[in-house]
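K.L.:
The residues making up each chain are set out below.
Number of protein chains: 2
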Amino acid sequence: MKHIISVLVENKSGVLAKVAGLFSRRGFNIDSLAVGTTDDMNISRITLVVNAENHSIEQVTKQLYKLINIIKIQELDPGNIVERELVLIKVSADSRTRPEILEIVNIFRANIVDVAKKSLMIEITGNNRKVDALEELLKPFGILELVRTGKIACTRGSKY
Amino acid sequence: MKHIISVLVENKSGVLAKVAGLFSRRGFNIDSLAVGTTDDMNISRITLVVNAENHSIEQVTKQLYKLINIIKIQELDPGNIVERELVLIKVSADSRTRPEILEIVNIFRANIVDVAKKSLMIEITGNNRKVDALEELLKPFGILELVRTGKIACTRGSKY
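Residue numbers (our numbering), protein chains in the order written: chain A, 1 to 160; chain R, 1 to 160.
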């Protein structure tokens with residue numbers, strides 16, 4: 001089962017390595033991980049997506065709390081969050097295929113962020129399903145590069 | 001000096017911890033890190049932003065290549081890339097302040113992704129400067145939560 005875990009940490013050298021190390025020692029593969037500062041420059045938030053049993057997640061959470069520099073750990077309820085991912089896709093395109101690609105991009109409300117003679121770069125924001133669907137449709141044209149940020153999420157409503 | 005480093009790795013448990021560990025042992029603080037799969041499910045891309053001297057980056061790159069599961073390391077030229085970051089911002093809002101916040105959101109071409117009685121959730125995509133400017137303008141209303149994906153980047157043109 002997929003779990004989305006949000007970890008608030010002090011923005012110090014080595015904290016990320018410790019968190020990632022803890023998951024790896026337990027044999028978890030991290031599906032995606034995104035880390036950036038919060039509105040407080042001294043605090044960073046790590047958003048992790050891992051595939052694991054419920055009880056293993058509980059154990060890891062307990063161990064995470066033992067690490068210094070960890071402020072808060074929260075498993076996010078998929079039913080009560082907004083989740084988003086940003087993806088840049090560079091796809092082969094020439095004068096013949098460009099109109100068809102642009103049509104797909106418009107349907108997905110994605111954006112063209114770079115145009116070259118033989119390629120287009122597309123930016124898309126959304127949940128996994130949307131991004132995967134676009135990727136599937138662009139594959140026949142030839143995907144040259146695909147970069148994902150990994151998922152971030154925020155709980156709905158005013159609660160923090 | 002800020003460096004944007006793109007690392008292609010095999011999608012295996014422990015690889016991320018090794019990469020993050022190498023940077024932390026050398027005392028680098030990672031400004032942001034984003035990792036997700038590429039168009040090939042067996043390969044993930046790690047995009048790192050670190051603040052360091054040029055010669056230290058060269059040394060780390062050499063050491064990274066010694067790790068198994070590392071496929072390719074590339075330092076990206078800031079002048080020749082499209083860089084993007086996705087940020088979710090939850091801000092305090094009531095019937096009185098909502099119109100003003102919506103106006104700011106429109107100017108930045110950001111999107112409202114959740115509305116509650118006392119808050120709004122905003123999604124914005126862009127480079128650091130744009131995101132920082134929006135954050136600055138929203139601060140007076142009260143930022144409840146701010147989640148960043150960390151930066152990803154893709155080289156312009158058809159080259160891969």
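Simulated from the structure, these hints should not be mistaken for laboratory data. Honestly, I wouldn't trust all of these hints.
Claimed, not checked - Listing some non-contacts, in silico: residues in chain R with all C-beta distances to chain A over 12 Å:
1) ILE70
2) ILE104
3) GLU135
To be verified - So, partial list: chain A residues that the calculated Cβ filter (under 10 Å) puts toward chain R:
4) SER32
5) ILE73
6) GLU75
7) LEU146
From the three backbone atoms N, C-alpha and C, an ideal C-beta is built for every residue, glycine too.
K.L.:
Does each hint hold? Answer for all of them.
P.N.:
A quick look at each hint next to the structure:
no., hint, verdict
1, ILE70, "holds, 15 Å"
2, ILE104, "holds, 16 Å"
3, GLU135, "violated, 7 Å"
4, SER32, "holds, 5 Å"
5, ILE73, "violated, 15 Å"
6, GLU75, "violated, 15 Å"
7, LEU146, "holds, 4 Å"
This entry does not satisfy hints 3, 5 and 6, going by the numbered hints stated previously.
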